[in-house]
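**Student:** The listed protein sequences derive, respectively, from chains A, D, V and P. Note that our numbering numbers the first sequence so that position 340 is 340, with each residue one more than the last. Note that our numbering numbers the second sequence so that position 135 is 135, with each residue one more than the last. Note that our numbering numbers the third sequence so that position 112 is 112, with each residue one more than the last. Note that our numbering numbers the fourth sequence so that position 98 is 98, with each residue one more than the last.
Honestly, the hints are just simulated from the structure, not real lab data.
Calculated cross-link-like contacts (lysine to aspartate or glutamate; reagent style DMTMM-like; alpha-carbon spacing at most 25 angstroms):
1) D:K117 - A:D293
2) D:K220 - A:D162
3) A:K117 - D:D310
4) D:K10 - V:E154
5) A:K117 - A:E148
6) A:K263 - A:E210
7) D:K174 - A:E328
8) A:K51 - P:E154
9) A:K234 - A:D293
10) D:K263 - D:D229
11) D:K234 - A:D162
12) D:K174 - A:E303
Since the model is a prediction, treat every value here as computed from it, not as a measurement.
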Amino acid sequence: MIVIENLCVKLPGFSLSDINLRIKKNDFFVLLGPSGAGKTVLLEAIAGLVKTAAGTIRVNDRDISRLAPEKRGIGIVYQDCCLFPHLNVRENIEYGLSYHKIEAARAAELFGVLVDKLGLGRLLDRKTISLSGGERQRVAIARALMIEPAVVLLDEPLSAIDPQFRAELQHQMKRLHHSTRTTFIMVTHNFSEALSLATSAAIINGGRIEQQGDLMEIFKRPCSRFVADFVGMKNVFQAAFEKSLARVNGISVHTGAEASSRKGYIAIRPEDIVLSVTRLDSSIRNSFMGTVDSVIDKGFTCEVCVSVGDTVFNSLITRSALVDLGIEPGRELFVSFKATAVHSF
Amino acid sequence: MIVIENLCVKLPGFSLSDINLRIKKNDFFVLLGPSGAGKTVLLEAIAGLVKTAAGTIRVNDRDISRLAPEKRGIGIVYQDCCLFPHLNVRENIEYGLSYHKIEAARAAELFGVLVDKLGLGRLLDRKTISLSGGERQRVAIARALMIEPAVVLLDEPLSAIDPQFRAELQHQMKRLHHSTRTTFIMVTHNFSEALSLATSAAIINGGRIEQQGDLMEIFKRPCSRFVADFVGMKNVFQAAFEKSLARVNGISVHTGAEASSRKGYIAIRPEDIVLSVTRLDSSIRNSFMGTVDSVIDKGFTCEVCVSVGDTVFNSLITRSALVDLGIEPGRELFVSFKATAVHSF
Amino acid sequence: MKRDMFFWICVACGVVILAFILIPLVQLLIAPAPEMMKKTIMDGDVRAALRVSLSTAGAAALISLVFGTPLAFFLARNNFKGKKFIESVIDLPIVIPHPVVGIAILSVTGREHWIGRILGDLGVRILGSHVGIIVVLTFVGMPFYINAAKHGFEAISPRIEYVSRSLGASMIGTFFRVTFPLAFRSMLMGVIMCLARAISEFGAVVIVAYHPMNAPVMIYERFEAYGLAYSLPISVWLLLISLAIFLVFRMLSMNVKGAA
Amino acid sequence: MKRDMFFWICVACGVVILAFILIPLVQLLIAPAPEMMKKTIMDGDVRAALRVSLSTAGAAALISLVFGTPLAFFLARNNFKGKKFIESVIDLPIVIPHPVVGIAILSVTGREHWIGRILGDLGVRILGSHVGIIVVLTFVGMPFYINAAKHGFEAISPRIEYVSRSLGASMIGTFFRVTFPLAFRSMLMGVIMCLARAISEFGAVVIVAYHPMNAPVMIYERFEAYGLAYSLPISVWLLLISLAIFLVFRMLSMNVKGAA
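Modelling step: build the complete structure from the supplied sequences, incorporating the hints.
**Tutor:** Below you can see the structure in the form of structure tokens.
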């Protein structure tokens with residue numbers, strides 16, 4: 001269990017304010033946020049590499065906030081790997097061993113497991129300078145896990161890697177996490193990467209935690225406009241609430257529950273919006289006629305913008321659906337979504 | 001019409017060999033390739049900024065290969081924008097005007113159109129240093145188009161921009177392209193970006209053009225293993241051909257046509273592979289029973305790996321299908337795909 | 001982040017070094033009485049020596065600017081065989097012992113050497129002349145200007161010049177509209193460094209031209225002839241000039257870092 | 001890519017500058033006859049002077065290494081108020097006119113100053129001693145070492161040290177296992193630059209210690225007493241030493257760039 005309470009960091013031109021986080025032992029936790037949100041600074045504060053102005057960090061009930069970085073037992077893996085360029089791959093991985101009382105047999109076993117799981121067998125005697133981006137990242141991960149830290153901090157480990165190799169490393173990281181008792185805390189700005197790896201997460205923006213909890217819960221129920229935008233909630237509208245109805249630019253939208261305030265926002269995920277040529281005869285409560293504005297091809301899927309009066313709905317559909325429905329700009333069709341798909345805040 | 005014939009560039013440690021390209025007038029052409037493939041060097045060769053060792057470049061039947069860059073009428077937009085930091089936004093956009101005989105009225109009109117279409121109105125008197133990545137890129141595009149070049153070269157204009165703003169700029173670029181008579185040549189390593197913007201493309205790797213033509217055609221019928229891997233053809237298998245059958249690790253796969261050689265590869269796009277719990281009673285010719293190896297969550301879609309004997313098929317399905325079919329590792333199910341979805345090469 | 005032994009070792013070394021540099025300079029500045037300083041500057045010989053120092057160093061900096069700028073730009077933008085050799089040659093004057101510079105210059109400007117004969121025929125005298133001082137100061141100062149200007153040009157992405165050319169500007173047009181405004185501060189810093197180096201030179205000057213006497217030579221002469229006390233006031237005046245130049249340079253270099 | 005006027009201006013300036021630097025040096029190297037060179041080096045006084053130059057410069061470089069390394073590392077890794085001031089102070093000796101350096105050192109080491117009295121009580125003499133030469137050479141040479149070492153340390157990402165610490169190494173352990181191996185070449189280059197600067201110094205040395213005579217002072221003395229011809233051979237020997245040091249430095253700096 002990692003408990004961070006009221007952590008503050010003041011750097012010139014940037015600060016982290018009042019960070020509170022609880023991360024379960026052996027969790028795969030993701031810190032999500034746009035660039036400049038303070039993700040890396042937060043990791044470095046946890047590792048003891050930047051000075052904290054206030055707050056405590058406890059790992060398994062041990063307060064580590066005043067310890068030197070080398071006493072914390074927290075590994076860190078940077079985006080740019082930071083391998084030791086004067087050492088070869090094996091020496092890099094084994095660097096930390098001399099500072100830890102790990103039995104030789106146990107160390108050899110762990111070394112074998114890491115090398116095997118990360119596919120580093122053929123690279124052990126190579127100079128680090130000759131490695132590819134993905135190989136460097138795998139060496140950095142092995143090096144951090146070699147000393148069996150309580151926590152390993154991963155700073156956007158996938159973002160510097162060619163897209164083709166990302167899936168593979170993602171897979172390896174997932175398997176590694178299952179086979180160790182180390183807690184993984186990963187930073188990313190990519191929501192779908194987070195979805196593939198983690199179950200719980202925190203959203204950070206401007207040095208503050210915006211939301212934290214179950215990842216799907218954050219995805220479905222963003223607690224602020226920023227979180228909604230960031231996780232890809234494209235249909236965010238200002239609304240006036242009347243009981244379970246929300247009025248948006250003259251349209252009445254059924255929501256699943258009564259709103260607690262009179263003014264606010266509603267949001268609908270693009271993939272929850274169904275397009276159809278005829279009005280749907282179903283349990284769907286919201287259905288509006290509109291005109292297709294534009295179609296943005298996204299490869300496997302398409303984003304269709306449909307105007308209903310002054311309101312533009314954004315719907316994500318598959319390519320085959322696009323062809324089957326004959327959707328093109330100017331065409332009139334129905335925009336439908338369930339009341340339970342409407343999230344108000 | 002842009003015709004590039006036998007273009008060669010020799011740089012220390014890298015060379016472009018024997019580049020041949022034909023790009024239609026007013027086309028939106030995409031150069032696709034992994035990092036280090038030589039995309040930027042090719043653009044700079046076209047613009048006259050690196051020395052060419054051999055070959056000719058003709059734009060609208062005028063041989064420009066020996067002209068100084070300033071005589072070619074080719075605009076260039078770099079990934080890092082390269083705005084002139086000592087000039088404000090307006091001065092940047094108008095930089096090229098003094099070197100071109102463009103009537104004042106025409107220039108003013110064009111300026112208005114570019115500022116409007118790219119949403120730069122409020123930024124004109126700003127210092128470039130205070131702009132965001134997306135704003136900088138839009139200024140760079142406006143600056144290049146302001147002198148009405150025959151061709152504009154775009155070097156990964158979207159990659160340095162935060163993902164949230166990419167769609168918007170993509171949209172603006174598409175509209176701009178429609179409203180000018182300039183040919184756009186864009187470099188990218190992102191296949192889905194290419195699909196959303198362009199219709200024709202060339203794939204470049206290791207300084208050579210691997211394939212060129214209609215983008216969907218390249219997507220569906222990659223001509224080499226590299227292109228197949230690059231555009232995301234995940235199911236690429238070595239096969240021995242017998243008439244219209246392909247034998248892969250003991251499985252017989254129906255292909256649509258007779259093969260011209262005895263040995264080669266077959267490829268099937270992940271989204272063309274259908275998963276089902278019972279054998280499908282349909283026109284589908286290929287159907288095999290297999291076991292689910294793993295499921296990789298990709299956010300909106302999932303990648304499911306299914307082993308059929310020693311062969312692993314990769315299928316891309318939606319999340320809802322995953323839930324409906326109750327797919328999880330270890331489960332047995334059917335892998336089916338149409339003979340026409342099998343591409344052999 | 002406790003302060004460990006390593007931290008205190010660093011601080012101790014820093015204090016020792018700062019004291020080593022500052023104490024002699026501060027002592028020098030406070031040694032002569034203010035009236036003495038005033039009397040010194042009223043002395044025509046002293047004023048003439050300072051004038052010689054400033055004017056010859058300024059001329060050296062100007063010559064470095066004019067001839068050095070195109071070379072610095074060329075080196076910053078091109079890679080070719082022999083570039084390392086040329087860069088090494090440019091750095092050479094920095095490492096050559098100062099009296100040797102003077103000896104080397106004299107060895108080609110005497111009557112026995114063809115260059116000396118040409119100069120003689122043109123009526124140009126090197127030994128004991130303003131021209132001679134300017135020549136040696138240019139020799140020792142130019143590398144500082146060329147290196148600073150080169151770094152300034154290198155810091156400008158060639159792509160920004162490429163963009164300018166793709167927009168229709170010629171190479172020369174691009175240099176004056178884009179490169180020069182962006183490299184201006186680096187070039188100015190180079191000029192100042194060249195100036196500072198030229199003003200501080202003594203060993204090469206004393207060989208080529210004991211007269212017309214510049215300030216460092218006068219300090220040496222007074223020290224030899226009358227002792228430490230008589231050399232102090234003019235030393236302070238020269239030190240103040242050097243410090244002023246250094247201050248300007250520092251302010252420029254801080255702004256460069258602030259803007260980047 | 002035609003070669004335009006701009007290109008030819010650059011080339012012309014390059015040729016002029018290279019000729020200006022190389023012709024005097026080459027002329028100096030070929031001026032004395034080989035027998036003369038040999039006779040000079042057999043002269044005990046000359047050998048003693050060269051020995052003084054090398055040993056005092058070596059001592060100055062060593063002192064700079066020992067005291068300068070912790071300070072350079074500290075400045076490379078920390079940002080604090082007054083850092084710019086400290087960096088300016090470290091650069092100060094570079095711009096101070098050479099005789100003024102000597103005068104400043106003498107002004108605090110004489111009997112009238114408390115430092116001079118402490119030194120006197122300890123039996124340390126500055127005026128006209130090896131120690132005095134080492135002090136002024138350290139003063140002029142140390143900034144070169146500190147700046148080179150600082151750049152070397154700055155080029156190493158602090159993150160690589162962070163990683164080492166997260167793996168359990170202390171700050172001192174990290175310095176010796178990671179930082180030092182990576183910065184070794186920069187530090188060596190700094191030592192060589194400091195050495196080269198110290199060997200070339202004349203103006204400060206001639207004030208503090210005419211005797212024991214080092215090589216630059218001997219060149220000056222022979223030039224003044226016997227004329228150009230008699231100062232040439234020893235100038236050539238000193239030049240050759242400087243060139244050898246410079247060559248080692250250049251080779252090191254090329255490898256650094258090659259590896260990066």
